[in-house]
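Got two chains here, separate frames each, mind docking them using the hints?
These protein sequence lines map, in sequence, to chains A and B. Heads up, the first sequence is in UniProt numbering, so the first residue is 1 and it goes up one at a time. Heads up, the second sequence is in UniProt numbering, so the first residue is 1 and it goes up one at a time.
Bear in mind the hints are in silico, worked out from the structure with no lab data behind them. Cβ coordinates follow ideal geometry from the N, Cα and C atoms, glycine included. Please note that a few of the clues may not be correct.
Chain A side only, calculated, beta carbon under 10 Å to chain B, not exhaustive [what the hints assert, rightly or not]:
1. Lys153
2. Lys194
3. Ser395
4. Lys416
5. Asp490
Partner residues are not named here, just some residues of chain A that face chain B (Cβ under 10 Å, in silico) [as the list claims (entries may be wrong)]:
6. Asp60
7. Gly88
8. Tyr103
9. Gly398
Okay, the calculated beta carbon distance ranges per label pair [as the list claims (entries may be wrong)]:
10. Asn409/A x Gly180/B: 51 to 57 Å
11. Glu167/B x Gln378/A: 56 to 62 Å
12. Ser561/A x Pro177/B: 44 to 50 Å
13. Leu183/B x Ala465/A: 27 to 33 Å
14. Gly180/B x Lys153/A: 37 to 43 Å
15. Lys484/A x Thr39/B: 44 to 50 Å
16. Arg145/B x Asp468/A: 17 to 23 Å
17. Asp60/A x Ile186/B: 21 to 27 Å
One-letter residues, chain by chain:
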Amino acid sequence: MANFNIDADKNLTYDAIVIGSGISGGWAAKELCEAGLKTLVLERGRIVEHVVDYPTMTLDPWEHELRGGLTPEQKAKHPKGGRSGFIGAMNEHFHANDLENPYTEVKPFMWVRAHQMGGRSLLWGKQTYRWSDLDFEANAKDGHGVDWPIRYKDIEPWYTHVEKFAGISGEALGLPQLPDSHFLPPMELNCVEKHVKARIEKEFNGRNMIIGRVAHLTEPLNGRGKCQFRNRCDRGCPYGAYFSSNAVTLPAANATGNLTIRPFSIVQSVVYDEQKGKASGVRIIDAETGEDIVYKAKIVFVNASTLSTTQILLNSTSNRFPNGLGNDSGELGHNLMDHTYRVGAMGTVEGFEDQYYKGRRPNGIYIPRYVNLKDGPQSDKFVRGFGFQGGGGRSGWGAGGNQEDFGGNFKDGLMKPGPWEFFITGFSECLPYHENQVYLNKDVLDKWGQPTLSIDAEWKANELALNDQARKDAKEMLERAGLKDIMEFDNKHEMGFGIHEMGTARMGRDPKTSVLNGNNQVHGCENVFVTDGACMTSSSCVNPSLTYMALSARAANHAVSELKKMNL
Amino acid sequence: MNRRDALKKSALALGAAAGAPTLLSLLQACAKTDRLTWTPVFLSEDQARFISSFVDFLLPKTETPGGLDVKADVFIDLMYAKTYDEAGQKQVVADIEKFNADCKEKYGNVFAELSEEDKTACFKGHEANSPKFPKTVWGGAVGPREPVGFYRGLKSTVLWAYFSSEEIGKNVLSYDPIPGDYLGCIPLSDVGNIWSL
Ligand SMILES: Cc1cc2nc3c(=O)[nH]c(=O)nc-3n(C[C@H](O)[C@H](O)[C@H](O)COP(=O)(O)OP(=O)(O)OC[C@H]3O[C@@H](n4cnc5c(N)ncnc54)[C@H](O)[C@@H]3O)c2cc1C
Ligand code: SF4
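So that you can see chain B by itself, here it is in the shape it has in the complex (with noise of 0.2 Å):
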């Protein structure tokens, strides 16, 4: 067992309990191995984490940029802390919590920690149990709508703060702020990627 487990069996050991600080910034100091290399404007340090684990697991790097590479997870949380109301934002951070916590049951840790496989499963089980996002027509939703849940939420995004951003708009999809005309019928291969716009 290495230092940082041992710490977390003890702090685990330990609960919630009193005076323990010394301890759980002892382990928060080991668990900044991987420390953001970003300063967070409403999320804590480990719910960040938690956010950046997430864009990274659904949006790795590829041959084209990742979410983490264009920024998605600073992203996020400064549209928490600038677009959230109070009772969003307590929301947004006990989703987290219980992401969390439902990944300690689970699998043992939290979901920033787990093996590639772990998260697999987590993922699919989300997939498997979140509700969808209704269809819309201009603006509005139509057809049978349900609350998508947190997972499917953050997903969603996630795919926001990723393709919103410069460097997939500009460089990765085709970019072309102003078309001219309007060509009904060309062939896909003309274009290659999405339009951004």
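Chain A with its partners taken away, still in its complex shape (with noise of 0.2 Å):
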């Protein structure tokens, strides 16, 4: 096993130091080893090594003393997180503990965190779609935030770069607003899935319904087995198949002998030396001894997660700048997104009685933005679009408790499958409003006495303009499509939900609006690196991890470029 060097030098310069472990951290330690920096990644949670630390991995119900349920003491433990409804027994041990990290609603935010090594890369859904010019123009073309300091082709290489490491399957479609990526073989739609396409893309033109593209392998790749159809993903996966920073980029990073990776170090600030005019490395407290520590490196990378980042940036005040480092704009902590979900409909579908699936596929159906294109249909209600993610099955057992039946042949009916249902929802796009905030709260301090974040954001005209037409057209489509009992729904959450949170430290070409240059460097304080959400400069209606991903190699790439040039 990979076995981390975990032993940290006070004493030592290192050359790198990335904050955080994630799926943008761990691209980031990858890179910069692989280019031969000493690179030192601050892990604020344990280590949880591959594999090893999976306990639940293969568990089925009945090997769990309580299948599944949780302890009162686990339920207390996320009285925010847990709102998602992804919590269960089976993962409870990957998602950040709400007591100990409090923050403040000032308007309802759900916020979905981890807290070890890997982050969320252990939880995530693994939905990968490349953005395009649709996206990267979006804001200069219509006015809203500011413009995004690249384009497609700019990021269009490391897309690439990371795609062919972390290996994503998918079909490849050609779709303007939707490149391909480099992919592996698709994964199978089911009968019913390849039914409602067809009538979807005959009834409407202009429409695609796809299988979801996804960072799961279908093939071996680089000594990781391929995805076996366990849907077993939120507990780690036993073959490496799904991309997780603890299976993919922090072996890989290991393998150079670069790296070392510290946990229990909860990154506090960064250190700005004000006669250099740069970052001079990272303060930190030991989780488990409370010690203050400050380590020293030429270049920080800051990958804690969007608003974790936000957060350090906003406590890492100097002379030089006495908002948070990089916050001349006062933009730091603005301009925060998500995507809003669960808007659509479901329906079931008949004829395909006799017909079933082998496998439980971790992934489900994708249906691209089709609306304010070049071409194609345009709105006047709202400016960007959204796409929509679903799938088809069969009812289970479940499905029992609504049924108006008991006694044996009730019973034994539910051994069988029930109908076919089909669902989509919608995932829709959300402008950066500078009113849409997070800022320090210094009178609510976590557990090792740090000023926490209040998040103050809420939906606006636009997003309940798109959410609207999103449940309005996937009713539309499962009509078309020929399903039966069709039921549209809008479940009104708050944002968080999306567990795509953007924003807070965007990418510019402006110093005086953005914090953030085109190559994530920090205005003015330029040995600072952002790769994670934070730096999104608009959100797309896509999901966003893929393009942090491609964001933080090119950034490395280029820090390494900067540093042999001595420009940092």
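As structure tokens, then:
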């Protein structure tokens, strides 16, 4: 096994420090280590070694005393994250403790965090889509937010770079609004999904329904096994078949001999050297001993995840940056975005009663954006657009709770698959609004006495209008695809549910209106890089993590070349 | 009138009167003709008898095992003990007492003691009057929501206890912990019962 070096040396100046070991930090660490930089990863949580530290990865329900049920003590640790509906006994140990890490909801906001080596790369849904110039040009075109300092052509090689190593399965379509990745073979659609796909594509010109593009191996790659279709990903994968920092980037970084990863290291701030005009290192609190330690490095990558990254920057004050590192513009903490979630429709499909499937596919279907493209339908009610995720399957015994029946026949009937059901839910783009923000709260301290965040953000008219259209369109698609018992839904939820929090330290062309430049360097403190979701200038409507990976790899390689040129 | 009925009648006549402990314990001793074969960790014996009879009536033994065969009742007791907080535990006890009180009022006895006919009538009544669970997408409820009440909640708990048991999950349903591949379209007859996982 990997056997990570966890002995960080206080007296050493590292070439690079990476804060956080999640999806983006793992990529930064790999690229920096492979370029020969002595790299220290500071991770606030514990070490989670691939396979070794996945205690529930193969447990069947009956092998767990409470069959997946949580104890009141476990539930009490997740009053906020628990709202997601994703926390159960098999993955509870990968979710952050809300009580030790409080935050204040000025307006309701669900913040799902994972505080261990690997971060949320152990929990994520692996949906991976490239963004396009539709996204990178959006702000410039409709005037919301500021212009991205990059275009698709700048990030395209880096998408390819990370995809080849991460392993993305999917089908190439050649759509301009959703560029193809470098793909492994796609997973299969089931009978009903194929049927609905054919109907939707026939009924609606310009709409496509495809199998989700996911960071799962459908063929072995670099010693990792292919997906076995167990759908137990959020417990950790024994085959290393889905992308996580633990299975993919951190072992690669470790293999170079250049990696040190220090667990239980809560980064409190980035240390700014007023004389040199750049960062000299990072101050941490040891989560176990409470010790206050400073580590030195030539460059710092801040990858603590969107809001935690911004929290660190806000907490990094100096004479030069009294309001937080890189906050000359006053935009640090602002322009928080997410995706809307859980608006859509579901129904049943008849005619496939003698068909079934084998395997628990950890993936669904995707309907790429079709509104407000260069060609095709335009809306006068909103700007930007939405895409849909969803899927089909046959109901199982769980449906029995609602059946008005009981007794022997009822029981034996539940052994057979029920009707085919199919659903889609829209993910809508969220505009960057200055007033959607986070700021430091010195009245509420965490377990280690550190100031916490207050989150003050909400959906506004454009997101609600997008949602409204997504719901109507979902219903119409299912109707015209011939589904029965259609129910449309809009479960009005707060921001954060998309678990795609973005913005709060945005990239931009102008230091007066942004925090980072086109290479993810902090304006005015160029040896600090931010490459997680904090850097995002707009939110697109597609899942963001692949873009964090590409931006991280791109910025790390830029940092290496700048270091070589002695520019940092 | 047999001895047991006589005792019950007099117990009822006495109501909650103090000084009845001997009578009550006598009564309980009689009621234990079909004594519990397991020791509840949370429920009282009477409450456990309710759960067992509910499980048995909802999922009786047929050619496949019944709820009691896979100890669904034992698991539910454990679940109340270990996954419910104090408020939830109090609520469950109150709900069981209420369910039985309603049975007594309508059919003259607690649920466990009712005839098949009365049990059927009782379940039908609850089916008709209990709201349904909302649909869910990715672990979250969508569409209209209403509390389903004790009956439907317990029904779904019993289903969970039954279908998550090793006997049903491994030997009755189609069990394939490591499928290896995803095949999107195969004849149902190749599989038979639903997949257990
Ligand atoms: C259930 C779920 C499903 C998801 N599905 C998808 C999906 O399908 N597609 C998609 O693109 N995205 C998805 N996401 C989102 C995805 O997980 C995140 O976008 C991604 O993990 C963010 O990467 P990151 O590196 O910014 O942060 P994370 O992966 O969250 O990692 C941050 C790391 O930083 C550490 N850290 C935090 N603060 C500090 C500090 N002060 N000092 C030191 N270390 C610190 C944390 O412990 C953690 O290890 C999903 C998320 C969840 C929870
Ligand atoms: S479904 Fe595939 S990727 Fe997920 S845990 Fe199972 S084998 Fe691993």
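Here is how each hint holds up against the structure:
A least Cβ separation of about 35 Å between Lys153/A and chain B goes past the 10 Å threshold, and the interface hint is therefore violated. With a cut of 10 Å, the hint placing Lys194/A at the interface with chain B holds, because the nearest CB-to-CB distance is about 7 Å. Checking Ser395/A against chain B by beta carbon gives a least distance of about 9 Å; that is within 10 Å, so the hint holds. At a threshold of 10 Å, the smallest CB-CB gap from Lys416/A to chain B is about 7 Å, leaving the interface hint in force.
Of the supplied interface hints, the one on Asp490/A holds, with its beta-carbon coming within about 8 Å of a beta-carbon of chain B, less than 10 Å. At its closest, the beta carbon of Asp60/A sits 7 Å from a beta carbon of chain B; the interface hint therefore holds under the 10 Å criterion. Interface restraint check: Gly88/A against chain B, minimum CB-CB distance 9 Å, threshold 10 Å, status holds. Interface restraint check for Tyr103/A: the shortest CB-CB distance to chain B comes to about 21 Å, outside 10 Å, so the restraint is violated.
The interface hint given for Gly398/A is met, as the beta carbon of that residue sits about 7 Å from the closest beta carbon of chain B, less than 10 Å. Against the hinted window of 51 to 57 Å, the Cβ-Cβ separation of Asn409/A and Gly180/B comes to about 34 Å, which falls outside the hint. At roughly 59 Å, the beta carbons of Glu167/B and Gln378/A sit within the given window of 56 to 62 Å. For the pair Ser561/A and Pro177/B, the supplied restraint of 44 to 50 Å holds, since their beta-carbon distance comes to about 48 Å.
Between Leu183/B and Ala465/A the Cβ separation comes to about 41 Å, which falls outside the hinted range of 27 to 33 Å. Checking the proposed 37 to 43 Å range against Gly180/B and Lys153/A shows it holds: the Cβ atoms sit about 40 Å from each other. Lys484/A and Thr39/B have their C-beta atoms about 49 Å apart, which keeps the hinted 44 to 50 Å range intact. In this structure the supplied range 17 to 23 Å holds for Arg145/B paired with Asp468/A, their Cβ-Cβ distance being about 20 Å.
A hinted range of 21 to 27 Å for the beta carbons of Asp60/A and Ile186/B is consistent with their spacing of about 23 Å.
In summary, the numbered hints that this structure violates are 1, 8, 10 and 13.
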